[in-house]
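Colleague: All chains should be built: construct the whole structure from the sequences, respecting the hints.
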Amino acid sequence: MATAQLSTHRVVIVGAGPAGVRCAETLLAAGIKPILVDENRRDGGQIYRRQPDGFTRDYSTLYGSEADKAKDLHQTFDRLRGAIDYRPDTLVWNLTPGQLCCANQGRHSTLDYDALILCTGATDRLMPIEGWQLAGTYSLGGAQIALKNQAVSIGHRVVFMGSGPLLYLVASQYVKAGATVAAVLDTSPFSLRLKALPKLLARPGLLWTGMKFLAQLYRAKVPAHFGVKPLEVLGDAANGVAGVRFTTGSGKAVTVQADAVALGYHLRPETQLGDLAGCAMAFDEASSQWWLATDEAGRTSVNGVYAAGDGAKIRGADAAEHAGRRVALAVLEDLKQPFNAGLRDEQQQALAVMDQFRLGLAEAFPWPGEQAKALPDSAIVCRCEMITAGELRRTVNEKGACEVNRAKAFSRVGMGRCQGRYCSQAGAEVIAAEAGVQVQEVGRQRGQAPVKPLSMLIEEVSP
Amino acid sequence: MKGRFLRLAEQGRPTVNLTVDGAPVEALQGDTLMVALLTQGTALRQSEFDSGRRAGFCLMGACQDCWVWTRSGERLRACSNEVRDGLDIVTTQPEATWPLHS
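Same order as they appear, the protein sequences are chains V and C.
Mapping of the first sequence onto the UniProt record's numbering: residues 1 to 463, in sequence order.
Mapping of the second sequence onto the UniProt record's numbering: residues 1 to 102, in sequence order.
Everything labelled a hint here was simulated from the structure, so no lab data went into it.
Computed from a predicted structure; not experimentally measured.
Some clues are possibly wrong.
Heads up, simulated DSBU-like pairs for lysine-lysine below, C-alpha to C-alpha not over 35 Å straight-line [stated by the list, open to error]:
| # | chain 1 | residue 1 | chain 2 | residue 2 |
| --- | --- | --- | --- | --- |
| 1 | V | K176 | V | K221 |
| 2 | V | K229 | V | K452 |
| 3 | V | K221 | V | K199 |
| 4 | V | K252 | V | K373 |
| 5 | V | K452 | C | K2 |
| 6 | V | K336 | C | K2 |
| 7 | V | K71 | V | K212 |
| 8 | V | K229 | C | K2 |
| 9 | V | K221 | C | K2 |
| 10 | C | K2 | V | K399 |
| 11 | V | K195 | V | K176 |
| 12 | V | K336 | V | K373 |
| 13 | V | K212 | V | K229 |
| 14 | V | K195 | V | K252 |
| 15 | V | K373 | V | K199 |
According to the in silico footprint, chain V covers these stretches of chain C (three or more CB under 8 Å from chain V) [what the hints assert, rightly or not]:
| # | region |
| --- | --- |
| 16 | 4–10 |
| 17 | 21–31 |
| 18 | 42–55 |
| 19 | 62–71 |
Even glycine gets a Cβ: it sits at the ideal position worked out from N, Cα and C.
Modeller: Following this line, the structure appears as structure tokens:
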């Protein structure tokens, strides 16, 4: 029997978001019982994050147009939960070939694997602005979690600033929930959206949903500006955010009063574990960032290590579900197990459409790398340790550090609590602009273990 | 400003009583520590590098900006830990700080 033979294969999935859950489902259907390790206490990842017990908002209120997908993923997980080896609240903080290092409730343990599927997701992608270290500035994804998971607004008057589809989604969710949205400020000019239309039309339904968000904001009389240049988050160290200063597309300086700012420029992948596993990385020209080099099925350059979802390639939640199924089929194929070729082709076709849409989004809402050049010397790049753009530029000019890791060693940009998640990409842009080279030429910050801070009191337990 | 965060729904939950810096704080069951503290105050902690107050950033356990501590010295991410009755929270870092930019 396939199941009996397969039980000798230790297949470990990291992350219980849309990619991880669909991967587990597909493996289980083929007779493999995967181990699903997740840092969160509940399944769903960030996008389909579940609200705590005792909360009563229904799926439609919580997830809007994505309610059916969220419900289906949660129900799938509920069915799987008893049949797979599910380990929530467990951080994978390092790995060696064939073994993961895990931490759960202050205890360290190891976990052996034959095949490892990284479904580690993404975080917000940030470009600093003067004053972004002030209390009351949150990542855009963070602003969404506050509402979705806790039913709170991050402030009494919130400015949404940055670019990308999430900007409009979260702003319209705030409006719908009764929050006061002071303004939506998009750095991308509207004309780019029209230019990207042929690619965006790969998914007309999603394009329509995006247009509805904009219409909702318009009906709620929320001021929206396109092609803005963010100048400063206003406020002071003691009281935090008091407003935002920016110039409009036509060059007019505007100040908006607010006590909170949600800031973000689409997403960046969590690649640290793949990096530590020795997987090759590739520079994606369209989004101007590094991610794991994989084949179309999700195989990395390292045998037995796979990646799917936004942790591999930023294509959104729908693509993550397809990529999770697709990568599971690749694992089965590599383990010389029978797999459903029809299902593989279906996933592949769906992913091709989503790739096209992804390129459209990258054109419509480009990463504003050029902002780094204009960042004043006094602006904080590393908000963990309060290191300025001027200090980083000095490491380039005075110490000749034109490579990200070298500049990190001199300046500490990327060495703080967040381990470069929120400063490293912008830091690379600052270095590249100062050195007068392309951003891909200054390298990328290497993943380091532990991938998140661990307590010194962590206790080792035998597996 | 009384609180930084504003509750928009789900306000019918049972209350939970905890202590923050020695003062009693009433929160709702299912609140994260972050929501419990920021619906009643404007910050979670003092930056260890400058005079700034900090109130978290990512809410998904990635930025580590929202650390608070238990009275016994255990470090908690305020965004990813829920309130419990009797929890005794301290918002001052027990370890050394580096106020380089103050």
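Colleague: State the violated hints by number, sorted upward, taking the hints as numbered earlier in the document.
Modeller: Hint check: 6, 10 and 12 fail, others pass.
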